[in-house]
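Visitor: Sequential numbering from -1 applies to the sequence shown in this note's numbering.
Since the hints were derived computationally from the structure, they do not count as laboratory data. Be careful, since some hints might not be right.
Calculated pairs, DSS-like style, for lysine-lysine (alpha carbon to alpha carbon, straight line, at most 30 Å) [what the hints assert, rightly or not]:
{"no.": "1", "residue 1": "Lys57", "residue 2": "Lys67"}
{"no.": "2", "residue 1": "Lys57", "residue 2": "Lys39"}
{"no.": "3", "residue 1": "Lys57", "residue 2": "Lys46"}
{"no.": "4", "residue 1": "Lys46", "residue 2": "Lys62"}
Taking CB as the label site, the calculated pair distances span [what the hints assert, rightly or not]:
{"no.": "5", "residue 1": "Met68", "residue 2": "Thr47", "range": "27 to 33 Å"}
{"no.": "6", "residue 1": "Asn65", "residue 2": "Glu40", "range": "36 to 42 Å"}
{"no.": "7", "residue 1": "Cys79", "residue 2": "Lys46", "range": "28 to 34 Å"}
{"no.": "8", "residue 1": "Glu41", "residue 2": "Gly78", "range": "53 to 59 Å"}
Glycine included, each C-beta is placed from N, C-alpha and C at the ideal position.
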Amino acid sequence: MIMSFDLLIGVLIYYPMVLISTLDHTIRVPSQEIRKVNSLKEERLLLKTITNQLNQTMKGSMDKMMNAKMEEFRLEIRQGCQ
């Protein structure tokens, strides 16, 4: 689903924290990152800020999943050695 930037602005102005759902994750974006933009340069900067925050959130989730999977493998190896 593609959401227009104006609609995104309207949604984010009214809520202190907005949840953006992806296939595997729900990501919180603080609405203070969102404001009315007056130029294309400001819009690009704002979108870059949001994208960076989303990427950091996704990376953190992926790191947690990888660590959990590695711990599962360690347990399997320990059990196999006993």
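Visitor: Does each hint hold? Answer for all of them.
Guide: Status of each hint after checking the structure:
no. : hint                        : result
1   : Lys57 <-> Lys67             : 15 Å, holds
2   : Lys57 <-> Lys39             : 27 Å, holds
3   : Lys57 <-> Lys46             : 16 Å, holds
4   : Lys46 <-> Lys62             : 24 Å, holds
5   : Met68 <-> Thr47: 27 to 33 Å : 32 Å, holds
6   : Asn65 <-> Glu40: 36 to 42 Å : 38 Å, holds
7   : Cys79 <-> Lys46: 28 to 34 Å : 49 Å, violated
8   : Glu41 <-> Gly78: 53 to 59 Å : 55 Å, holds
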